[in-house]
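Asker: Here's the letter readout for the chains.
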Amino acid sequence: MKDKTMKCRPMKPFTSLIRMQLNVNYSISALKYRFTREKKKRWEPILIGVAIILSLLPLLAMYTFFMLSVFTGGLMMGQPEMVLVMALVFAQLVIFIFGILYIMGTFYFSKDIMSLVPLPLKPYEIIGAKFAVVLVNEYLTSLPLLLPPVIIFGIGTSQGILYWLKSLAIMAVAPVIPLTIASLLVVLLMRVVNIGRYKDLLVIVGGTALVFASFFVSVLMQKMPEDPEAIKQFFAEQTSLVDLLGRRFPPALWATRALADNGLSGVGYFVLFLAVCAGLFIFMLWVANQVFYRALLAGQEVRRKRKTLTGEQIYRRVGRGSSPVLALLKREWRLMIRTPLYVLNGLTGSIAGPLIIVLMFAVRGSDPELAMLAESLKDPEVVPYAALGGLGIMLFTAGMNIVASTALSREGKTIWVAKMIPVTARQQVDAKFLCSYIVSAAGVLATSLIMALLLRIPILWVVLPAIAGLIGSVPMVALNLLIDVFHPKLVWNSEQEAMKQNMNAGLGMLVSFVVILIMGACAAGALLLGLPVTAAFAAVAVVSVILSALSVPALHAVAEKKYSEIEA
Amino acid sequence: MIEIRNLSKSYNKGQVKAVDGLDLKVNRGEIFGFLGPNGAGKTTTIKMIVGLLNPDTGTITIDGTDIVKEPIEAKRKIGYVPDEPTLYERLTGFEYLNFMADVYQVPESVRKERIEYYLEMFNLRDAASDLIKSYSHGMRQKTALAGALLHDPKLWILDEPMVGLDPKSAHLLKNQMREHCGKGNTVFFSTHVLEVAEKLCDRVAIINKGKLIAIGTIDELRHGDRKDSLEKIFLELTEQ
Numbered sequence: 002m003k004d005k006t007m008k009c010r011p012m013k014p015f016t017s018l019i020r021m022q023l024n025v026n027y028s029i030s031a032l033k034y035r036f037t038r039e040k041k042k043r044w045e046p047i048l049i050g051v052a053i054i055l056s057l058l059p060l061l062a063m064y065t066f067f068m069l070s071v072f073t074g075g076l077m078m079g080q081p082e083m084v085l086v087m088a089l090v091f092a093q094l095v096i097f098i099f100g101i102l103y104i105m106g107t108f109y110f111s112k113d114i115m116s117l118v119p120l121p122l123k124p125y126e127i128i129g130a131k132f133a134v135v136l137v138n139e140y141l142t143s144l145p146l147l148l149p150p151v152i153i154f155g156i157g158t159s160q161g162i163l164y165w166l167k168s169l170a171i172m173a174v175a176p177v178i179p180l181t182i183a184s185l186l187v188v189l190l191m192r193v194v195n196i197g198r199y200k201d202l203l204v205i206v207g208g209t210a211l212v213f214a215s216f217f218v219s220v221l222m223q224k225m226p227e228d229p230e231a232i233k234q235f236f237a238e239q240t241s242l243v244d245l246l247g248r249r250f251p252p253a254l255w256a257t258r259a260l261a262d263n264g265l266s267g268v269g270y271f272v273l274f275l276a277v278c279a280g281l282f283i284f285m286l287w288v289a290n291q292v293f294y295r296a297l298l299a300g301q302e303v304r305r306k307r308k309t310l311t312g313e314q315i316y317r318r319v320g321r322g323s324s325p326v327l328a329l330l331k332r333e334w335r336l337m338i339r340t341p342l343y344v345l346n347g348l349t350g351s352i353a354g355p356l357i358i359v360l361m362f363a364v365r366g367s368d369p370e371l372a373m374l375a376e377s378l379k380d381p382e383v384v385p386y387a388a389l390g391g392l393g394i395m396l397f398t399a400g401m402n403i404v405a406s407t408a409l410s411r412e413g414k415t416i417w418v419a420k421m422i423p424v425t426a427r428q429q430v431d432a433k434f435l436c437s438y439i440v441s442a443a444g445v446l447a448t449s450l451i452m453a454l455l456l457r458i459p460i461l462w463v464v465l466p467a468i469a470g471l472i473g474s475v476p477m478v479a480l481n482l483l484i485d486v487f488h489p490k491l492v493w494n495s496e497q498e499a500m501k502q503n504m505n506a507g508l509g510m511l512v513s514f515v516v517i518l519i520m521g522a523c524a525a526g527a528l529l530l531g532l533p534v535t536a537a538f539a540a541v542a543v544v545s546v547i548l549s550a551l552s553v554p555a556l557h558a559v560a561e562k563k564y565s566e567i568e569a
Numbered sequence: 142m143i144e145i146r147n148l149s150k151s152y153n154k155g156q157v158k159a160v161d162g163l164d165l166k167v168n169r170g171e172i173f174g175f176l177g178p179n180g181a182g183k184t185t186t187i188k189m190i191v192g193l194l195n196p197d198t199g200t201i202t203i204d205g206t207d208i209v210k211e212p213i214e215a216k217r218k219i220g221y222v223p224d225e226p227t228l229y230e231r232l233t234g235f236e237y238l239n240f241m242a243d244v245y246q247v248p249e250s251v252r253k254e255r256i257e258y259y260l261e262m263f264n265l266r267d268a269a270s271d272l273i274k275s276y277s278h279g280m281r282q283k284t285a286l287a288g289a290l291l292h293d294p295k296l297w298i299l300d301e302p303m304v305g306l307d308p309k310s311a312h313l314l315k316n317q318m319r320e321h322c323g324k325g326n327t328v329f330f331s332t333h334v335l336e337v338a339e340k341l342c343d344r345v346a347i348i349n350k351g352k353l354i355a356i357g358t359i360d361e362l363r364h365g366d367r368k369d370s371l372e373k374i375f376l377e378l379t380e381q
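So the protein lines, in turn, are chains Y and F. The first sequence lines up with residues 2 to 569 when you count with the working numbering. The second sequence lines up with residues 142 to 381 when you count with the working numbering.
Derived from the structure by calculation, the hints contain no laboratory data. One should not assume that every hint holds.
[As the list claims (entries may be wrong)] Here chain F is said to cover these stretches of chain Y; the calculated rule only asks that three of the stretch's residues, wherever they fall, bring their Cβ under 8 Å from a Cβ of chain F: (1) 309 to 319; (2) 328 to 334; (3) 420 to 427; (4) 562 to 568.
[Claimed, not checked] Using 25 Å as the maximum straight-line C-alpha spacing, the simulated BS3-like pairs for lysine-lysine come out as follows: (5) F:Lys158 <-> F:Lys218; (6) Y:Lys562 <-> F:Lys218; (7) Y:Lys562 <-> F:Lys154; (8) F:Lys274 <-> Y:Lys490; (9) F:Lys166 <-> Y:Lys563; (10) Y:Lys563 <-> F:Lys274.
[Unchecked claim] Computed list of chain F residues with no C-beta within reach of chain Y, every gap over 10 Å: (11) Arg217; (12) Pro223; (13) Asn316.
Idealized CB from N, CA, C, for every residue including glycine.
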């Protein structure tokens, strides 16, 4: 049989480049290989896909209900198309904001960019191909945001076939304008400032912005009223905002008119929208063609301190040396805190719980419900239960920590060092355990601090959950680490893949969730038996000790087996 | 120092035989060159010797210690540098060396001198405080070499050690290899540069398609014909 992979039909360089970029970035060849050759591992991408869809379903359902109420509100005001304006403005705004960082990363910092420069390709061809990669990825963001409102409006106003055809085209083109504007900003900015130097800082700033943005969205959704009169009132307040955004960003209005208007007017707006997209895109390619290479090459210059170490400095820095476990722990810690993405997903995840409490007080400080909660915490009868709630947050915080569930995966191509050094697998996982435990413990202690300082809970009722939280973190860290040691993802091209796109992180959270449920059930059991609240803390501690006694030896046993099986 | 018996390793469920029934003995005190064309099985063999890959069949002993049965003990005797060492990008060169000294438990009394010695020898003193991600390919290679030699192992195993080294560093490394063997230690290295093998090695082995096709001193491989270069012998043997 003729091997299809060997066909080599000549193609125009630009077309070939786009195909290659899409292939590499979305691992199309790798997936094909997995489905045709490595049939045993076929379930992995399917499982990941199903897991992602399942985890996004609740959010999508929430968003769809939100948009349904926007449509109902708009219909009551005689403006059913408001749902489309809102969705288009929102989707394009989201794509623009996240597009900036993504475009910067793809245009200037992707691994293959320097191997494309020496090829006989024009800068606009490289930018065009990279833009295609970003565009395809942005559909994952734009489609869930646009599809529900388009369907709601289409069905709600009984639109005909032309509407559905136009909506397909609009959805396909919708990300182009915000991405083109983001690209223009990025290429011009990179031409003026050498941002390459501050790449790490950018990841931190971008990631923090993301945390705050998602928090803002969830607060906004919570504020959404439920009864029709309140919805009407809410929209009377919000319409001006949508209108303002729409006017500031006319393409969203054009796209809405293109979809909502029937007849010639609709077609006219449709053509106008497509023409503006195409015009802007061509203009961006023209600008990029002029300035791309210069900024790209300037960004490649690496800054070095080049400070000569004197003999005395070497003597001072070497110190006494450490045990292998301590040396490994130091390495783990340094590599984690020096990698912005790991800091964001590891440390931020761990302090997210306490951070949300602080933010709730900051954002909704004047909320009467919150004031009532603060007042009730002064009641000595309530305090123990609040402390139990605090323990819940601590355990949740420790459980959401993905430092442990990606600890071995993060070694990636440096795994050969772990295989080469004369240190047992047990010692290696002990170091990883300690590193992850420090992060979980930081979350527990941060929650304790907030309980003591912000909520002013008496110290005894802060110490008790802190102790139970510290003990409870042990089995969770051990189990999360066990998951990663059992099936590490060592082949990855970006730190993002090692941590965020690692199935073990999701599995780890799931296991932690089960552990928290078991602990919670034991605590609830103690209370239901009429025992004092302290007994609930004791129950959590006892369960934790039992689970630790099972999980830590299991971790060691699995590590001894799996480390020897890993091939570097 | 190294004793390999009936070593085999295959990939893709046995479809590709990378190493096929290899028997090899490397004596104490010799510089041993491991030669072969691309894809001959050199790196696979080396990775099995140092414990990065698990053999399908066969045994490997390092100074009498089986690498599979007693890996920690065997690894203590080895200093290994891969052909393309991927190091911890976000550690400084100095931190990496100190880490290696810690895991190999290099005594306090000697580690300072050795770190300073290798930083000086490989001209890395200026860069030692910088993150490894700012290093050139050659600097990474030299950092990996320094890290592997810090514990003064009896056996050096170097996969393509000259690739990426500047002439001065390559010269210094060759001298080091000689000196190391002069003390009764052993160096086992793979190379594509036949001139290096010809000048440096006490004995060489040539491997092709996973099988050993020749072993001996350069003179033995020439079969007494002094005019034959190693290149000619190599081409004749590997094209058969």
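Asker: Confirm or reject: Asn316 (chain F) is not an interface residue toward chain Y, with every Cβ-Cβ distance exceeding 10 Å.
Answerer: Given a closest Cβ separation of 23 Å, the condition holds.
Asker: With a cut-off of 25 Å on the C-alpha distance, tell me whether Lys274 (chain F) and Lys490 (chain Y) pass.
Answerer: holds, 22 Å
Asker: A cut-off of 10 Å on Cβ-Cβ distance, and Pro223 (chain F) was said to be off the interface with chain Y. Does that hold?
Answerer: violated, 6 Å
Asker: Please check whether the beta-carbon of Arg217 (chain F) is more than 10 Å away from every beta-carbon in chain Y.
Answerer: Nearest chain Y Cβ is 4 Å from Arg217 (chain F), so the label is violated.
Asker: Three residues or more, CB to CB closer than 8 Å: is that satisfied between the stretch 420 to 427 of chain Y and chain F?
Answerer: Three-residue rule met by the stretch 420 to 427 of chain Y, so holds; n is 6.
Asker: Quickly compare the C-alpha distance for Lys562 (chain Y) and Lys218 (chain F) to 25 Å and report which way the hint goes.
Answerer: Given pair Lys562 (chain Y), Lys218 (chain F) holds - Cα atoms ~23 Å apart, limit 25 Å.
Asker: Can you confirm whether the C-alpha distance between Lys166 (chain F) and Lys563 (chain Y) stays at or below 25 Å?
Answerer: This hinted pair is violated, its Cα atoms lying about 30 Å apart.
Asker: With the threshold set at 25 Å, check whether the alpha-carbon distance from Lys562 (chain Y) to Lys154 (chain F) stays at or below it.
Answerer: holds, 21 Å
Asker: Test coverage of the stretch 562 to 568 of chain Y by chain F using CB-CB distances below 8 Å; three residues minimum.
Answerer: holds (count 3)
Asker: Checking one constraint from the list: CA of Lys158 (chain F) to CA of Lys218 (chain F), max 25 Å. Satisfied?
Answerer: The given pair, whose Cα atoms are some 29 Å apart, is violated under the 25 Å limit.
Asker: Per the coverage rule (Cβ-Cβ under 8 Å, at least three residues), is the stretch 328 to 334 of chain Y covered by chain F?
Answerer: holds (count 4)
Asker: Does the stretch 309 to 319 of chain Y contain three or more residues whose Cβ lies closer than 8 Å to a Cβ of chain F?
Answerer: It holds, with 7 qualifying residues against the three required.
In summary, the structure is inconsistent with hints 5, 9, 10, 11, 12 from the numbered list given earlier, while agreeing with the others.
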